[in-house]
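Asker: Residue numbers (this note's numbering), protein chains in the order written: chain A, 1 to 404; chain B, 405 to 923.
Everything labelled a hint here was simulated from the structure, so no lab data went into it.
Be a bit skeptical, because a hint or two may be false.
Calculated cross-link-like contacts (lysine to any residue; reagent style SDA-like; alpha-carbon spacing at most 20 Å) [said to hold, decoys possible]:
hint, chain 1, residue 1, chain 2, residue 2
1, B, Lys872, B, Leu682
2, A, Lys44, B, Glu679
3, B, Lys879, B, Glu679
4, A, Lys37, B, Glu679
Heads up, incomplete: computed chain A residues facing chain B, CB under 7 Å, no partners named [as the list claims (entries may be wrong)]:
hint, residue
5, Ser36
6, Val38
7, Leu72
8, Asn128
Idealized CB from N, CA, C, for every residue including glycine.
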Amino acid sequence: MEEVAFAGNKGKGVRSDCFVELAPGGPGGIQLELVSKVEVMYGKAIREEILAILNFFSIQDALIKIEDSGALSPVIAARLEAAIRNAYPEKKEHLIPMLEQNRYGTARDRNRFSRLYLPGNTPSLMINAGIHRPDGIILDLEDAVAPDKKNEARYLVRNALRGIDFYGAERMVRINQGERGLDDLDFVVPHNVNLILLPKCEHPEQVHAVNARIREIGQLHPLSNPIWIMPIIESALGVMNAYPIASAAENVVALAIGLEDYTADIGTRRTAEGTESFFARSMVVNAARAAGIQPIDSVFSDVADMEGLALNVRRSKAMGFDGMGCIHPRQIRVIHDNFAPSAEEIDKAKKIVAAFHEAEAKDLGVVALGSKMIDPPVVKRALNTIQLAVKLNKLDQNWREDYA
Amino acid sequence: MRKYDKMVTNAAGRIVPTVINGKPAVPFMGIGKYKPAGNKAAPPIVSCADFPDDGNKVVGSLKEALIKCGLKDGMTLSTHHHFRNGDLVAGQIFDVAKELGIKDLMWFPSASFPCHEPLIKYLEDGTINHIEGSMNGALGRFTSEGKMKGLGVLRSHGGRYQAIQDGDVHIDIAVIAAPSSDPFGNANGVNGPAACGLLGFALGDSQYADKVIIVTDNLVPFPCIPWQIQGNYVDYVVVLDQIGIPEKIVSGTTEVTKSPDRLLLAEWSARFCDEAGLIHDGFSFQAGAGGTSLSIGIYFADILRERGWKARFARGGSNKYLVRMMEEGLVDYILDGQTFDLDGVRSMRDNPAHVNTSPFTSYNYHGKGNFSTLVDVVILGATEVDVNFNANVVTHSDGLLLHGIGGWQNCLFGKTVILPIPLFRDRIPVIRDEVTTLCGPGELIDVIVTERGIAINPRRTDLIEKMKGSSLPIKTIEQLKQEAEQICGAPEKPLFTDEVVAVIKWVDGTVLDSVFKIA
């Protein structure tokens, strides 16, 4: 006889989740004990949903106890399936419908100023994540999930990719390290994940292994959108191999640095000034730029210190980074505002670009602003700034029409 | 005596009794439609000859005072809620009543709090017949389960003053807990260990009750200045060791929200006001004490500061955020109904521009005007709204009575009323086809701000016009409801019996809706 299986969370402070206890067998038939915070409104719907899933799995005899704190349907389905497949390992996968609006792909060079980490086993933080408009959301299966919850988190993350609307944010998943991480891919690759974050990356072979697995899964489930990879450099060895990693594959679009682990690895600790990680961050910026991809900075962990965050973002931008992780939705705005070109930068770029076009029109070999010569890289940077400003609605696309 | 009788359908389409606790009641007739004739109520004439020449009205105990006031079966006893969840006085009144074997009292608080849960035993044993005021938390559940002997009556702060003034409710004995008092009964809320800022909710009680008892833990020699409550209304003064728990009076529940979802609601609400042109030099606003409302106040402050504007006045409840705005010169006056923290108390005490108000000046619908109609922007909450913009603040979607009305109904008369509310809370959608309990008619509610979109009441064509082309997500209320149901599923309605357990009064004393016993 199979053993009792558990999944989900309960207790004080737990919201939008449920805890499932499943005892296979028993005196006969399905015995369902449901205690729900939303019994009056959804008790009937929850019971129907649970019975339908049990029916899908052809389970006829079991005792099921559920404590529900207002879980949405994709969460209930994930918790129940995790418990069922724990109790009956031979059972197949149960997929909830994929929301039509979740089928989008993302562009290789899209903005990646902010990416919001969401613990992979905490549904309450996932539901409204997209309304804060981060550039990306990360469903984290790695450090944010306790070791004994790793398995059930996979079902939740899969159902989140299918059933929760992130309102256009790039849908990212941070997989675990090593073999477990490769197995994580089975739960996310077929469900339109846009980008895989690869933690503790030290060798290009790790990127190759992920790509091999993606290809393998893709043969069974044809993929409609590209899946990008963002390796995270979190060790001295990773820093030394940053360029080979950044250029390991065509679908590597960004290279991130994780400073908590990195500073531990080099035997120091993280400071606000960041002197200890200056080399590592420079390496990541240089490796990414050399490979033609986006360098992405580490998270700023004091969620209450918005001024500190703003300062950190400005430093990060000055070093050449294109984006940063965040661990709280409040950080998104600050990150966007400070990575985006400032009014001053846009003004300057407009002058340079206008001078550039004027020089072109007059067929002059050199661009000049007043008596000052402008070098081609400066023009290129100004063009990038203008492009970004237009993309962020900070500048009208046809600004040159009114530019005197 | 039957709890209620003679059910009719009122002008809002709700089924309500026209006899409540043995007295006739008028069903809601529409906003501004009911205009009663006659004179106001008045307390009995008394003579100075019956009061001590030395002005010393202090008696030995609360029990003695209640006996001297002639406490007997069936009386109405009133208290105020300026001590919020730190009140130590209401319970003692009914301890005395129980000890004296008194029955069938009506408790008439300006609001109840979780600290009043122990009164359930007196509702069970018949010491208290019923409550008119608010039934929060455990008292609400007790009421919803049909256990209260009489019918509960919920009124707004303004409606409470109206009921007293019009004689709908006759207070036999008012017990007014006062942080400071002199032996004559002049009292205030700004000084003393239980300082709560002001005593405005007890004003009507002092003016209209047959007997008035001041209970204080800070007796000062005559004169007690300022005299927010005037001793000329007071019969007896009782001195106790402690009348309130300071940390629960000025509770820490009034902090700016840290919830990112609520901050988004606050930001969108403020941006809405700005884009719709509701904020201007000299404007006025009321932002309540909830975390979201407080955050909106901070966004307002940013806008005022940036433009070099000032608000002419802000309506309290006040707290440190509002006080800071005034001290920074962003607000000329705070017209305050209650103070939520020590900064509010300090400011009320020391700053003449921080004005203590009462339900009479701010909210009373049967007066020659009141301030609530003068406020430009009003931010309020709700447990539910419906597709016609009607709102509920007293019951939850599961049908349980859990909150009072407070000043909410009265504030609906502001020029633009905005409700920032999450589209769903732990799967429970906030926008329904029809509210479980009607507390505010939709014609007074202008804008619903949710984290997934903003709905403008179709009656406000001016706002709809102004917000055309806004980058804010303006949607219809039906769209929002649909969006919530796509995420949460369509909810079932709670099951009720046809037994009424409480009624909701409108600001004019008419009966707006009934609360039914849950099945």
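Asker: State for each hint whether it applies.
Answerer: Consistency of the hints with the structure:
A threshold of 20 Å between alpha carbons decides the hint, and for Lys872(B) with Leu682(B) the separation of about 15 Å falls inside it, so the pair holds. The hinted pair formed by Lys44(A) and Glu679(B) fails the criterion: a straight-line CA distance of about 44 Å is larger than 20 Å. Pair hint Lys879(B) plus Glu679(B) holds up; C-alpha atoms about 16 Å apart against a cutoff of 20 Å. Under the criterion of a C-alpha separation no larger than 20 Å, the hint pairing Lys37(A) with Glu679(B) is inconsistent with the structure, at around 39 Å.
Violation of the interface hint for Ser36(A) is found here, the shortest Cβ-Cβ separation to chain B being roughly 9 Å, above the 7 Å cut-off. Hint status for Val38(A) relative to chain B: holds, with the closest Cβ pair at about 5 Å, below 7 Å. Because the beta carbon of Leu72(A) sits about 6 Å from the nearest beta carbon in chain B, less than 7 Å, this interface hint is met. Satisfaction of the interface hint for Asn128(A) is found here, the shortest Cβ-Cβ separation to chain B being roughly 5 Å, below the 7 Å cut-off.
The structure fails to meet hints 2, 4 and 5 from the earlier list, while all remaining hints are met.
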